[in-house]
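Visitor: Those sequence lines, one after another, are chains A and B. Using this note's numbering, read the first sequence as starting at 3 and increasing by one per residue. Using this note's numbering, read the second sequence as starting at 2 and increasing by one per residue.
For the record, the hints were derived by calculation from the structure and aren't laboratory data. The beta carbon of each residue, even a glycine, is placed where N, CA and C say it ideally should be. Any given hint could be a false lead.
DSBU-like mimics (lysine-lysine), calculated; alpha carbons at most 30 Å apart, straight line [what the hints assert, rightly or not]:
hint : chain 1 : residue 1 : chain 2 : residue 2
1    : B       : Lys95     : B       : Lys120
2    : A       : Lys55     : B       : Lys212
3    : A       : Lys68     : A       : Lys159
4    : B       : Lys56     : A       : Lys55
5    : B       : Lys28     : A       : Lys465
6    : B       : Lys63     : A       : Lys477
7    : A       : Lys475    : B       : Lys97
8    : A       : Lys68     : A       : Lys55
Here are the simulated distance ranges between beta carbons [claimed, not checked]:
hint : chain 1 : residue 1 : chain 2 : residue 2 : range
9    : A       : Arg85     : B       : Asn62     : 21 to 31 Å
10   : A       : Glu331    : B       : Gln176    : 30 to 40 Å
11   : B       : Lys71     : A       : Asn414    : 45 to 55 Å
12   : A       : Asn467    : B       : Thr115    : 18 to 28 Å
13   : A       : Tyr472    : B       : Ser45     : 11 to 21 Å
14   : A       : Leu76     : B       : Gln176    : 23 to 33 Å
15   : A       : Glu195    : B       : Glu164    : 45 to 55 Å
16   : B       : Ser45     : A       : Glu412    : 43 to 53 Å
Covered stretches of chain A, as calculated for chain B (at least 3 residues, CB under 8 Å) [stated by the list, open to error]:
hint : region
17   : 52-59
18   : 83-91
19   : 283-297
20   : 310-323
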Amino acid sequence: MMKLRKKGLLGLLLVLLSCLFLTACHGARGLNAFVMPEEFDESKEYEITFWAKNDTNKTQTRIYEKAIRDFEALYPSIKVNLRLYTDYGKIYNDVITNISTGTTPNVCITYPDHIATYLTGNNSVVPLDELFGNEKYGFGGSELRFDGPVKEEIVQKFLDECIIGEHYYAMPYMRSTEACYVNKDFVEALGYELPEVLTWDFVWEVSDAAAAKAEDGTYLLNGQKVMIPFIYKSTDNMMIQMLKQKDAPYSTGEGDIELFHDTTEELLYTVAEHVKTGAFSTFKISSYPANFLNAGQCVFAVDSTAGATWMGTYAPLSDISEDKFVEFETAVLPIPQFDPANPKMISQGPSVCVFNKPDSQEVLASWLFAQYILTNEVQIAYAGTEGYLPVTHKAQDSAEYQDYLLRCGEDNQTYYDVKIKASKLLMDNMDNTFVTPVFNGSASLRDASGQLVENVTKSVRRKENIDDAYMEKLKDDISSLYRLDQIGKGKNLSGEKEDLGKLPKTAVILLVSLITVWILIILYVLWDTVIKKKLSNVGR
Amino acid sequence: MKKLVVAVLALSMALALVACGKKADVKSEGVMTHAEYVAAELDSEVVIETYVQAKQSWWDNKATVYTQDKDGAYFLYNMACSEEDFAKLTPGTKIKVTGYKAEWAGEVEVVDATFEIQKGNYVAKAADATAWLGTDELIAHQNEFVSFKGMTVAPSTNADGEEVAFLYSWDGSGQDGDDLYFNVSLNGETYNFTVESYLCDNTTEVYNAVKNLKVGDVVDMEGFLYWYEGVNPHITKVTVK
Numbered sequence: 003m004m005k006l007r008k009k010g011l012l013g014l015l016l017v018l019l020s021c022l023f024l025t026a027c028h029g030a031r032g033l034n035a036f037v038m039p040e041e042f043d044e045s046k047e048y049e050i051t052f053w054a055k056n057d058t059n060k061t062q063t064r065i066y067e068k069a070i071r072d073f074e075a076l077y078p079s080i081k082v083n084l085r086l087y088t089d090y091g092k093i094y095n096d097v098i099t100n101i102s103t104g105t106t107p108n109v110c111i112t113y114p115d116h117i118a119t120y121l122t123g124n125n126s127v128v129p130l131d132e133l134f135g136n137e138k139y140g141f142g143g144s145e146l147r148f149d150g151p152v153k154e155e156i157v158q159k160f161l162d163e164c165i166i167g168e169h170y171y172a173m174p175y176m177r178s179t180e181a182c183y184v185n186k187d188f189v190e191a192l193g194y195e196l197p198e199v200l201t202w203d204f205v206w207e208v209s210d211a212a213a214a215k216a217e218d219g220t221y222l223l224n225g226q227k228v229m230i231p232f233i234y235k236s237t238d239n240m241m242i243q244m245l246k247q248k249d250a251p252y253s254t255g256e257g258d259i260e261l262f263h264d265t266t267e268e269l270l271y272t273v274a275e276h277v278k279t280g281a282f283s284t285f286k287i288s289s290y291p292a293n294f295l296n297a298g299q300c301v302f303a304v305d306s307t308a309g310a311t312w313m314g315t316y317a318p319l320s321d322i323s324e325d326k327f328v329e330f331e332t333a334v335l336p337i338p339q340f341d342p343a344n345p346k347m348i349s350q351g352p353s354v355c356v357f358n359k360p361d362s363q364e365v366l367a368s369w370l371f372a373q374y375i376l377t378n379e380v381q382i383a384y385a386g387t388e389g390y391l392p393v394t395h396k397a398q399d400s401a402e403y404q405d406y407l408l409r410c411g412e413d414n415q416t417y418y419d420v421k422i423k424a425s426k427l428l429m430d431n432m433d434n435t436f437v438t439p440v441f442n443g444s445a446s447l448r449d450a451s452g453q454l455v456e457n458v459t460k461s462v463r464r465k466e467n468i469d470d471a472y473m474e475k476l477k478d479d480i481s482s483l484y485r486l487d488q489i490g491k492g493k494n495l496s497g498e499k500e501d502l503g504k505l506p507k508t509a510v511i512l513l514v515s516l517i518t519v520w521i522l523i524i525l526y527v528l529w530d531t532v533i534k535k536k537l538s539n540v541g542r
Numbered sequence: 002m003k004k005l006v007v008a009v010l011a012l013s014m015a016l017a018l019v020a021c022g023k024k025a026d027v028k029s030e031g032v033m034t035h036a037e038y039v040a041a042e043l044d045s046e047v048v049i050e051t052y053v054q055a056k057q058s059w060w061d062n063k064a065t066v067y068t069q070d071k072d073g074a075y076f077l078y079n080m081a082c083s084e085e086d087f088a089k090l091t092p093g094t095k096i097k098v099t100g101y102k103a104e105w106a107g108e109v110e111v112v113d114a115t116f117e118i119q120k121g122n123y124v125a126k127a128a129d130a131t132a133w134l135g136t137d138e139l140i141a142h143q144n145e146f147v148s149f150k151g152m153t154v155a156p157s158t159n160a161d162g163e164e165v166a167f168l169y170s171w172d173g174s175g176q177d178g179d180d181l182y183f184n185v186s187l188n189g190e191t192y193n194f195t196v197e198s199y200l201c202d203n204t205t206e207v208y209n210a211v212k213n214l215k216v217g218d219v220v221d222m223e224g225f226l227y228w229y230e231g232v233n234p235h236i237t238k239v240t241v242k
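Bound-form chain A, shown alone (with noise of 0.2 Å):
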């Protein structure tokens, strides 16, 4: 788990990279658009490469591992080649990377803010539409060998929440949210009766509460040394959630940044407040909450359902040592809330996308194995590895995976209850779940929101002064480091030629004169031609 540190550091790289790969794409030479084959080849050996993204969990690697053999044997004309990634960070940077030398993977998982970045090489994320409704390969296509969904069985929001632009570039392949894993134990020991869906308010309440010290510099409320009441993993999720519970803008669907105003201020206020309490803390500045909340010391560890594993007394999978978890029980709660009744959370969880290549064939065949992913077989047993939800309704209604989650708690490992209840709680909630506009730049836009909880968090711990300079000036740095001034505003999504608007009169001006200048020369070539044979004629 320690090795995903290295995230945060990949994270600020973003931004630069974008940049520099739209620099590298200026004139390069893109690929001819996928054209759909009448019928995939087999007559032809085909090596594909899949970069994925695990957990840092060993199932989830064997599941990948299985689902490459079995479709391997179904396809034996199809290699399916499997590079492993621990972060979306890595993944990003290296596509991009790999996007300027022509040699992207074929099958890649992936964000769909991340595509938005790909897609400005020129045809290098082939968009599935066509894929998708192909009648002999498409979702439910007479010429696959394996029984995949139609596309009427996958989650329509999940599955929209792949378009950009005007186009299906990539499709779900799990989906999760985060959850507020809590120490009950915590609450209750406070005095505090743990509400259905936690509200803001009462979060930071209970957090200023479970701060309190003995004199002796020990933490009432665990008589331990250490104590984070309140500790957040994903800080731009924090803070997208907190703005869209508030109806607050964000960025526009075209990419025009709205991160700066009043509410966000208002936000940052209050997260400064309960720093200064010692209530709040976050993953970049101290360390993991799972790591904490099992401790003992933590009450409110948000973190997302697909870390669910990592959380709770039993929890199987842990990097602090035994004799360090106490006992405790865990609720798994949606995040707070500002509107209980009207509760908001972010859906995440991992996509693919399928890279173009100059043999459609092989497109095909990558988009065969991207396919295969999505059947029951996959979808049930990758759900299982965490808190993640199949994407299909064919799974999720599937007698094997309601049997899974009726079987919430029978042991501490496959039916692990945090983990099972972390997916459930996003089945209530698929309504309930959102997405932020895509476009190139967003993943910096991203970013940015989580940088200044960071900020105002580390000031707060210095002992800075918060105050409207101190805003001011943050909006300026976290402005200019991620060249939010620079990104989004009709930015190509779709590798297709961009509309520019009407031409600068001076542009204009010298269009129409060089268009004379060679009318003009043309006219005489002409006339000077037919002159001489006129002459010539009447030399004979």
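Fit chain B to the known structure of chain A by using the hints.
Guide: Structure of chain B alone, referenced to chain A:
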């Protein structure tokens, strides 16, 4: 009274260093000694002079560097650094660093730092940390370049439930090129050591040496005494005895 205690501590430290045959670092005006750095509160600003021992990574004008002076070590995480300056940070290079003291999962480090290169050179010799394992002494040497001698490679369990000498990634979920994790034991206690792939990638001698380890091999090792929820040395050299 406090002043007296500080004076006694400083004197005893100086005497101890003399006894060790090692001269304490003389710091410039406004620069902390290692003892002052250790005593500084978390999240406070620190100014140190130290010497580069190894570089872990450079990315987006940020460098992560293992450094040490004659009195102790400092781990510099994501320090502002141009690519050009990064190339100048060869082992032994003296730098003056201004940043904030922080702790992440037990690892005490300097973050949000800037630096300037200074005149001077010092490459630390590996201190033998074998006897410190399992004692409170170990954490006092956090991030130092150390050696471990005569430890025995103990089994790790891979994805198939088999006992192996090392794992790609902490649980065997990784591939060649990822961090290597391996267990070594001494006096009945087992410790988990790491070959950090950013520090020593799969082209290095140590990476390949660990890939060739067998359970039961007796090894001498060198590396940096990194911390992650407990001691987690970043190994840079392995010799099978």
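Visitor: For every hint, state whether the structure bears it out.
Guide: Results for each hint:
1. Distance hint between B:Lys95 and B:Lys120 is fulfilled; the C-alpha atoms sit about 6 Å from each other, no more than 30 Å.
2. In summary, the hint linking A:Lys55 to B:Lys212 is supported, as the alpha carbons are separated by about 23 Å, within the 30 Å threshold.
3. Between A:Lys68 and A:Lys159, the direct Cα distance comes to roughly 28 Å. Compliance with the 30 Å bound is thereby established for this hinted pair.
4. A distance of roughly 27 Å separates the Cα atoms of B:Lys56 and A:Lys55; the hinted pair therefore holds under the 30 Å criterion.
5. For the suggested pair B:Lys28 and A:Lys465, the alpha carbons sit about 27 Å apart, so the restraint of at most 30 Å is met.
6. Restraint check: the Cα-Cα separation between B:Lys63 and A:Lys477 comes to about 21 Å, which is no more than 30 Å; the hinted pair holds.
7. Restraint check: the Cα-Cα separation between A:Lys475 and B:Lys97 comes to about 27 Å, which is no more than 30 Å; the hinted pair holds.
8. For the suggested pair A:Lys68 and A:Lys55, the alpha carbons sit about 15 Å apart, so the restraint of at most 30 Å is met.
9. At roughly 28 Å, the beta-carbon separation of A:Arg85 and B:Asn62 lies within the given 21 to 31 Å, and the hint holds.
10. Distance hint check for A:Glu331 and B:Gln176: the Cβ-Cβ separation is about 38 Å, which falls inside the suggested range of 30 to 40 Å.
11. Between B:Lys71 and A:Asn414 the Cβ separation comes to about 49 Å, which falls inside the hinted range of 45 to 55 Å.
12. Look at A:Asn467 against B:Thr115: about 22 Å separates their beta carbons, and that is inside 18 to 28 Å.
13. Checked against the hint of 11 to 21 Å, the pair A:Tyr472 and B:Ser45 passes, with Cβ atoms roughly 19 Å apart.
14. The given range of 23 to 33 Å is respected by A:Leu76 and B:Gln176, whose C-beta atoms sit roughly 24 Å from each other.
15. As the Cβ distance of A:Glu195 to B:Glu164 is approximately 48 Å, the hint placing it in 45 to 55 Å holds.
16. Separation of B:Ser45 from A:Glu412 is about 50 Å and conforms to the stated range, judged on CB atoms against 43 to 53 Å.
17. As drawn, the region 52-59 of chain A meets chain B at 3 residues by the rule of a beta-carbon pair under 8 Å; at three or more, the given contact holds.
18. Counting residues of the region 83-91 of chain A whose CB falls under 8 Å from any CB of chain B gives 3; the rule of at least 3 is met.
19. As drawn, the region 283-297 of chain A meets chain B at 5 residues by the rule of a beta-carbon pair under 8 Å; at three or more, the given contact holds.
20. By the rule of at least three residues with a Cβ nearer than 8 Å to a Cβ of chain B, the coverage given for the region 310-323 of chain A holds, with 4 such residues.
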